[in-house]
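We have chain R already, so just place chains Z, C and G with the ligands on it with the hints.
Here is what each chain is made of, one letter per residue.
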Amino acid sequence: MKDEAIYRRLFRTALLIRLVEERIIELYPSDKIQSPVHLSIGQEAVAVGVCDGLKPDDLVFATYRSHGFYIAKGGSLDAMFAELYGRKGGVSGGKAGSMHLAAPEVGLMGSSAVVASTIPHAVGAALSFKRRGLSQIAVAVFGDGATEEGVYHESLNFAALMKVPVLFLCEDNGLAVHSHRPVRQSYRLAEHAASFGIASRRLEEGWDMLAIRQATLEAAAKVRAGEPFVLEIVTSRYKEHVGVGEDFHFNYRTSDGVDAWKRRDPLIVDQKLVATLRPDIEREIEAAVAFAEASPAPGRDELLADVI
Amino acid sequence: MKDEAIYRRLFRTALLIRLVEERIIELYPSDKIQSPVHLSIGQEAVAVGVCDGLKPDDLVFATYRSHGFYIAKGGSLDAMFAELYGRKGGVSGGKAGSMHLAAPEVGLMGSSAVVASTIPHAVGAALSFKRRGLSQIAVAVFGDGATEEGVYHESLNFAALMKVPVLFLCEDNGLAVHSHRPVRQSYRLAEHAASFGIASRRLEEGWDMLAIRQATLEAAAKVRAGEPFVLEIVTSRYKEHVGVGEDFHFNYRTSDGVDAWKRRDPLIVDQKLVATLRPDIEREIEAAVAFAEASPAPGRDELLADVI
Amino acid sequence: MSIAAVKPDQGTRVLSYAGALLETMDAALADHANTFIMGQGVDDFKGIFGSTTGLAEKYGAARVFDVPLMEEGMTGVAIGASLVGDYPITTHIRADFSFLAMNQIINLAAKYRYMFGGLMRCPMLIRIVVGRSWGQGAQHSQSPQSTFAHYPGLTVVMPSSSQAILDMYPAIINRHPGPVISIEHRLLYNLDFTVSPSEHRVPLTSYVARKGSDVTVVATSVMVLEALRAAQYVEDKAGISAEIIDLNSISHPDWDLVAASVRKTGRLVVADTSWLEYGVAAEVCRQLVMRDPGLLRQPPTMLGMAPAPCPTAKSLEDIYYPSQHETVDAILVQVRGDNHGIALPVERSMTEGYKRFRGPF
Amino acid sequence: MSIAAVKPDQGTRVLSYAGALLETMDAALADHANTFIMGQGVDDFKGIFGSTTGLAEKYGAARVFDVPLMEEGMTGVAIGASLVGDYPITTHIRADFSFLAMNQIINLAAKYRYMFGGLMRCPMLIRIVVGRSWGQGAQHSQSPQSTFAHYPGLTVVMPSSSQAILDMYPAIINRHPGPVISIEHRLLYNLDFTVSPSEHRVPLTSYVARKGSDVTVVATSVMVLEALRAAQYVEDKAGISAEIIDLNSISHPDWDLVAASVRKTGRLVVADTSWLEYGVAAEVCRQLVMRDPGLLRQPPTMLGMAPAPCPTAKSLEDIYYPSQHETVDAILVQVRGDNHGIALPVERSMTEGYKRFRGPF
Ligand SMILES: Cc1ncc(C[n+]2csc(CCOP(=O)(O)OP(=O)(O)O)c2C)c(N)n1
Ligand SMILES: Cc1ncc(C[n+]2csc(CCOP(=O)(O)OP(=O)(O)O)c2C)c(N)n1
Ligand SMILES: [Mg+2]
Ligand SMILES: [Mg+2]
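Chains as they are written, first to last, in this note's numbering: chain R, 1 to 308; chain Z, 1001 to 1308; chain C, 2001 to 2361; chain G, 3001 to 3361.
Hint data in this document are derived by calculation from the structure and do not stem from the laboratory.
Take these hints with a grain of salt, some might be off.
Coverage of chain C stretches by chain G, computed from C-beta distances (three or more under 8 angstroms per stretch; other residues unrestricted) [to be verified]:
hint	region
1	2107-2114
2	2131-2139
3	2275-2281
4	2295-2309
5	2330-2341
C-beta atoms are modelled at their ideal positions from N, C-alpha and C, and glycine is treated no differently.
Bound conformation, chain R alone (with noise of 0.2 angstroms):
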């Protein structure tokens, strides 16, 4: 079956996604990794399903939750782990971290940590790509949170009035840090993007992720035709907000929607898959692991460097 093998293509990606952050979970009271970690463990899908549904030159402008992203866009995962070591052998030489991965000979155009404030990027890398003619696409992913911010605003009316062939689209875990979604807005994403008449669609099934692809290739396609449009995704964070373990304890949010959302996510369900899948994926990241252990830490060389 086609979508069979499309299936496991994805599939085998999120699992990378998974495996990878859950070495990170490893790995990190061992203090190699310092610099925080916001996990998409739980939201892998959003990630892989999207950048399936893209062209491989269509960018994605992301944010500080973007290992899922980086790996789906296709980085090199020795880069990101000498990268998250914060080695000269990562892709950004240890200036980066694990909250600015970036990518872009893959078209991971860099990831920020203040909230919001790639939307416009994608916006304008997609006016770029329509003055010169261009078929490329930007990609801006965000949280939902981040449409509370007033630049959300600007980019929505400005990529309107442009036609700018630009896909906003959201990661909706419901929760901004510890603040759920209702008591930051008052809006729904659909109605709000349609008073800038922009078309929009909200994805509840945020673990399925040919649903993704598909409705990606869909909203793509809008989008490539000079349209913006704007894609929101229900998924969950199974993890805490930055960091590496759970935060149920703290009682600002109850287990039950993550473990309802476990019992439909096929990283778990599809433990066979997993068990065929695991050993490769495994030795992929030991080997990028070890990459990063044997990649040198950066100097005094490198400190004034690039700052221009």
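Just chains Z, C and G with the ligands now, with coordinates in the frame of chain R:
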């Protein structure tokens, strides 16, 4: 007739504003008023109708184009002219000038020359009223262009979430400097506000002071009951954006729209009432100008006062 | 050497920086009905690193509340509330996020009193936290004191201890006439300090944190602690007596105090948390030469962030920030010259001295 | 004395500052297909005070276009376009409005190259205009050079003449690797300057605008003109030879040039367009004392805005800004002492020297 008395009251205030600004136009070439002036000629009905529909202790937060609101709220004319002249007798001792009129004693809480910047101030004041259980409301006055700034979005969201008594009042003159609304906005205010769950009304008859007053009374009642509201009033700026001249010869707009507006402008149509009220108003204005002329200029003593 | 040993003075109890913040926040809410705290996460279980924990429960959601992501809007809301008589306290868990509120802070709050000739006032407290270490990276580590202090109308302080908070915050909240920006340092939050009952030993300006005669060290925020540690070291190892001035107020320092100290010592080290260019170190030099260019007997030594955005890698971060090693060296170079020959402390990374601060936040 | 008499040098034609801007904008669009200009009103008949007039017609709406009121968003859009190879030029008709874009400028544009270890670059030109006189008031008159120059990653220039624009802009646009903020001065726009064919006489750093031997004047932007006029006055009236250095680049000045001049003269005046505190004057002092505190024989004199927000009243504005009167006095005091006894020019208000600049904008 009760309505007739109200009309006369409103008309008088509107005429006062118009004649004050016409006096400013006369004075301007003398360089006695050395600061940018943003005239509201053509837009007076909005300030007058709105302020009459408010209670005296309702607070207004306004913009650089606020001669009208200053007068309609009941600010002292002497202190206004002295302020424009940059004199000690000015409401702010000359430090504010035309762009920053304030009269807190009658509820005008300051005007900012940074577009959209006082919108959240009104929300903050309303938040305070709510917490203290007061029945006052706060009014954010802004132009159509101001709604493009991100802070407008942030303010609507917050006001709707907190259910604070704030009236968002948009003076829609269709222009931001020389840019027409359609090139700047992909949204309409009503749908946009609705997406935040905020009710709104667009009043096309922005020359009709009684209609504006009535709309304000209705909107203010809703606001006082604890819901933000967006009231958008269409209006017409007769003069150039800043300065005292006309600007039709620059061809960025034709005079047609303004001419049509003038044909409905009571201050032009109702010449009989103008003739009746004019002498008294002119005396008032002359007294204010004389006050300003006689007021001393601030000096070194004032330069570093009130900084912290 | 442990931090607990760094006692600003004899005191009567031990209190962490976060604890001092929580006490002053609590007292502000208890004492002033017009005071409220708003910011992202002020009411959650982390409570701005423990500085607001439990206050929402104690004073209710109308006094202590979470806000959406809206830095510019929130600051505007605070100004509006302040204009009608409230006293708002806002928070930014990283100083970097305050750049989103720059328009409201600089164009509005800082100007309102003057611009309206005294008709308006918007007293309020904006608490912003500087991040450092554990790979905070380029966007979570900035320390914008000189940026804010450049603009008249703002009062900018950088409390370097629990005592500074206990003394200053009650003097600011609902008392100071204008907007105040307090730049708190994340590395200080978990440190314990010995504090004495508030006798306002830390004024809303600069003060001598340690008396000395050989060299003047002007320091800000966490660098005051580093300087105190270094001063102890150079006294122990080389009998050098360093005078340490905590600049403390960046907008309204006591420059005469600084000049008097330099007049006495003739030697200067400036240790700041930000970049040197157009920073605190620059203004210190201006104030000195305006009084008397002869005050300095030799070029001063300056410690601050390297002239680059902050890198994430630990190996780079360790050389990006001035370490204890460099602080000690700076003092020794000033007093004994480049070839002072005195062994430096092995500790290179400052965070090694702050063991209780451990990532991710 | 008329401004036209202030010629930086022998030259071959007369060109206004606005004219020089228009020429360089035009050339940038003609020479580089990836360059575009966006900003509020760039395509209207006023064309950013004449600096973009007619370009939308000439190059089309895809290259020169108006934007909604969205400073933060616009700057982010520019960064995004730059990241994919465009060269965006953005405008703010008042520098004060750039505070709304501070997050994108400082947290993003300034950091992108370094933060990603060189993977990203966002070269772009942000043109911001400083307002002065005619009652611009507190929110339309700020000059944030020291704020921007504090942050590594930004290049900040302040062209003080048509020549500076003709020489620098082509060297910046599409050539300089990173984001550049050019702080233009509204008072300069309508002034005519004699310019010579571009031989890059004005580098992307500081340069000597007038040679002299008695006193060093370090000036920025419009204060360079004021200094040149004052230098002529003191030469005529008192035979004093003032050396004037146009700092020109605020982020990357030629400090050795400044130090060499001060070494020669021993006397210093700093004349800047912003506040002195944490401003350009401060960094000048830091650079000097770091080289040698003995460079200055006496305390320097400093000219800048009074330590307050800008008042609107003309009587206050005139004493708020340093006038020609004060600039002359500063030079005389440095060279001859407080009791120099030389008559000062009667002109107190600087704008009287700029007759062609007349309100409202
Ligand atoms: C401008 C800004 N304000 C605040 C923060 C602190 N902060 C970091 S992540 C975050 C929550 C963002 O929520 P969301 O956009 O939904 O993304 P998620 O973390 O859920 O993926 C906040 C408030 C920040 N990084 N940037
Ligand atoms: C933040 C900001 N950006 C740009 C400007 C320049 N500017 C002054 S008025 C104006 C137009 C505002 O239009 P609108 O809000 O419709 O008000 P109107 O002038 O029509 O009353 C602009 C762009 C400004 N003052 N503030
Ligand atoms: Mg979220
Ligand atoms: Mg308008």
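According to a criterion of three or more residues whose C-beta lies within less than 8 angstroms of a C-beta of chain G, is the region 2107-2114 of chain C covered? holds (count 4)
Using a Cβ cutoff of 8 angstroms, are there at least 3 residues of the region 2131-2139 of chain C near chain G, or does the coverage claim fail? Check passed, 3 qualifying residues.
Within the assertion that chain G covers the region 2330-2341 of chain C, do at least three residues meet a Cβ-to-Cβ distance smaller than 8 angstroms? violated (count 0)
Three or more residues of the region 2295-2309 of chain C near chain G by CB distance under 8 angstroms? That given contact holds, which follows from 10 residues of the region 2295-2309 of chain C lying within Cβ reach (below 8 angstroms) of chain G.
Coverage of the region 2275-2281 of chain C by chain G, judged on three or more residues with CB within 8 angstroms: Since 7 is at least three, the answer is holds.
The structure fails hint 5 only (numbered hints given earlier).
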